[in-house]
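Protein chains: 2
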Amino acid sequence: MKQYRAYCFDLDGTVYRGTEGIDSAIRFIHKLQQNKIDYFLVTNNSSKTPVQLQTTLANFGLDVPEERIYSSALATAKYVNQHYREAKIHVIGSDGLFHALQKEGFETDKEELNPEVVVMGIDRTIDYMKLAKACVAVQNGAQLVGTNEDIKFPSELGFLPGNGSFVRLVANVAAVEPVFVGKPSPVMLQVIQDEYGYHKDEMVMIGDNYDTDILCGIHFGCDTIHVNTGVTSTEQVLQKPLQPTYCVEDLDEIS
Amino acid sequence: MKQYRAYCFDLDGTVYRGTEGIDSAIRFIHKLQQNKIDYFLVTNNSSKTPVQLQTTLANFGLDVPEERIYSSALATAKYVNQHYREAKIHVIGSDGLFHALQKEGFETDKEELNPEVVVMGIDRTIDYMKLAKACVAVQNGAQLVGTNEDIKFPSELGFLPGNGSFVRLVANVAAVEPVFVGKPSPVMLQVIQDEYGYHKDEMVMIGDNYDTDILCGIHFGCDTIHVNTGVTSTEQVLQKPLQPTYCVEDLDEIS
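Sequence order for the protein chains is A and B. Numbering (my numbering) for the first sequence: 1 to 255. Numbering (my numbering) for the second sequence: 1001 to 1255.
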């Protein structure tokens, strides 16, 4: 297999599954670290701050500098700052998103009556009142921005509702089309390219989820590697009209 | 306009909007009462008991006997009893639905770990945990039954999320098709016909929402009157392939 200058990994389903590490991926990243090859962790998870994600990765034996972690929360905060500088925002989300927006200079603790942007990330305490407020704000003209459009995510109990479920609910009630920043939007890969100056053909996106990870790489225009360790099975991937560059069982196949 | 023996009204968006009465509709019902013409209130609202709905109507100056009120909560409880007699059920909803299910002999206060049916009606205290539990129960095989499929309903503040929004969320996460009992299903009009013995051409269904009220009448096979006082605008109605019998701005037009 071709060697790349920058390996971009999805996290959940690719590097770990819930509380379990995926050994082949961890071995692969260790090898990149030993060989001083660049790698990035590109996750739609908006609930955790980079430091919290660092701790999660440390639990699987991965020592990763903060600046190698790109979450949909960070990308969303940058997106909102670029497109709606100094706007009044209303946020539904968790630590990761609040932290990222504050870092970009937004006030997130005020109850804005007429926000210009409603930003939504996964919030395990979301309730009717929060959704109703978001619906009303969007009907009054606020732009609806979601960190990611995942309808569901796997857990030990089965699939649980993902952020995309709630953003779609608000969008349907308010009759608008939301903007989603996370994968499959190419925004996070674009930011990595801009910051490090790679050519697209020097980058590869690696992930288990066809609809987010693989399409993100395809939309961006770099090579992609599908791993059969999470949401989308290899069988399902082979039926898609747009194919990833490589399909592997796990990353031991290409070490 | 043709005179009917039985006028069936939707409530929210037709007789009132949130806490505001719609004067033209209230005048119209007063006139029916004076002329001793039958009328019924046929609502997808599952949150209130018939007595609570009576109180709401009294606030708008309408004195309506309890037996003239048909709610999706009452219809759903009957449906679940017919199809899943003595089943273990898990309920998300408000007073109206709990009350109706208890009347049909169901236990609604126990936390069922493996319910056979998940019944969902509007719940203004719905939250992530309730939705997650419903998603898991349905993935484990429970049938998903919704009182009504309204995605949204009008309020003074704008559209707010309706029960259909939450049932669809659970259905999408669990990858199932739900059953809906309220309008546009013709069940409630069928019950009125059965109880009073009208011919279908003696009945008319009046409402603001094309997708629930008007389609309910069309599915049932009676005449329909669309009023431009709520969810669906006349402009939107005119683009539908199946047209209501009449389209009016409000009920003053036909008094």
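Keep in mind that the hints are not guaranteed to be accurate.
[To be verified] Partner residues are not named here, just some residues of chain B that face chain A (Cβ under 7 Å, in silico):
1. K1002
2. A1006
3. D1127
4. K1133
5. V1136
6. L1157
7. G1158
8. N1172
9. V1173
10. V1176
11. H1219
[What the hints assert, rightly or not] Listed next, the in silico DSSO-like pairs over lysine-lysine satisfying Cα-Cα at most 30 Å (straight line):
12. K1130/B to K130/A
13. K110/A to K1110/B
14. K1002/B to K130/A
15. K1133/B to K130/A
[To be verified] Going by beta-carbon spacing under 10 Å, a handful of chain B positions derived as facing chain A:
16. L1131
17. K1152
18. G1162
19. P1178
20. G1197
Simulated from the structure, these hints should not be mistaken for laboratory data. Remember, predicted model here, so these are calculated numbers, not experimental data. C-beta: ideal position from N, C-alpha, C; glycine also.
Against the structure, the hints:
A hinted interface residue such as K1002/B counts as satisfied when its beta carbon comes closer than 7 Å to some beta carbon of chain A; here the least separation is about 34 Å, so the hint is violated. Hint on A1006/B is violated. Least Cβ distance to chain A is approximately 33 Å, over the 7 Å limit. With 7 Å as the threshold, the beta carbon of D1127/B comes within range of chain A, its nearest partner Cβ sitting at about 4 Å, so the hint holds. For K1133/B, the suggested interface contact is broken, since its CB lies about 9 Å from the closest CB of chain A, more than 7 Å.
Taking 7 Å as the C-beta cut-off, the interface hint given for V1136/B holds, the closest approach to chain A being about 5 Å. Hint status for L1157/B: holds, given a least beta-carbon distance of 5 Å to chain A, under 7 Å. Residue-level restraint check for G1158/B holds (minimum Cβ-Cβ distance to chain A is 4 Å; threshold 7 Å). Satisfaction of the interface hint for N1172/B is found here, the shortest Cβ-Cβ separation to chain A being roughly 6 Å, below the 7 Å cut-off.
Taken as an interface hint, V1173/B checks out: its beta carbon lies about 5 Å from the nearest beta carbon of chain A, inside 7 Å. Hint on V1176/B is violated. Least Cβ distance to chain A is approximately 12 Å, over the 7 Å limit. At its closest, the beta carbon of H1219/B sits 23 Å from a beta carbon of chain A; the interface hint therefore is violated under the 7 Å criterion. For a cut-off of 30 Å, the pair hint linking K1130/B to K130/A stands: about 15 Å separates their Cα positions.
Of the pairs offered as hints, the one joining K110/A and K1110/B is violated, with about 39 Å between alpha carbons and a cut-off of 30 Å exceeded. A threshold of 30 Å between alpha carbons decides the hint, and for K1002/B with K130/A the separation of about 46 Å lies outside it, so the pair is violated. Under the criterion of a C-alpha separation no larger than 30 Å, the hint pairing K1133/B with K130/A is consistent with the structure, at around 19 Å. Hint status for L1131/B: holds, given a least beta-carbon distance of 6 Å to chain A, under 10 Å.
The interface hint given for K1152/B holds, since its Cβ lies 4 Å from the closest Cβ of chain A, which is under the 10 Å cut-off. Interface restraint check for G1162/B: the shortest CB-CB distance to chain A comes to about 8 Å, inside 10 Å, so the restraint holds. Nearest Cβ of chain A to the Cβ of P1178/B: about 15 Å, over the 10 Å cut. The hint is violated. For G1197/B, the interface hint is violated, the least distance from its beta-carbon to any beta-carbon of chain A being 40 Å, above 10 Å.
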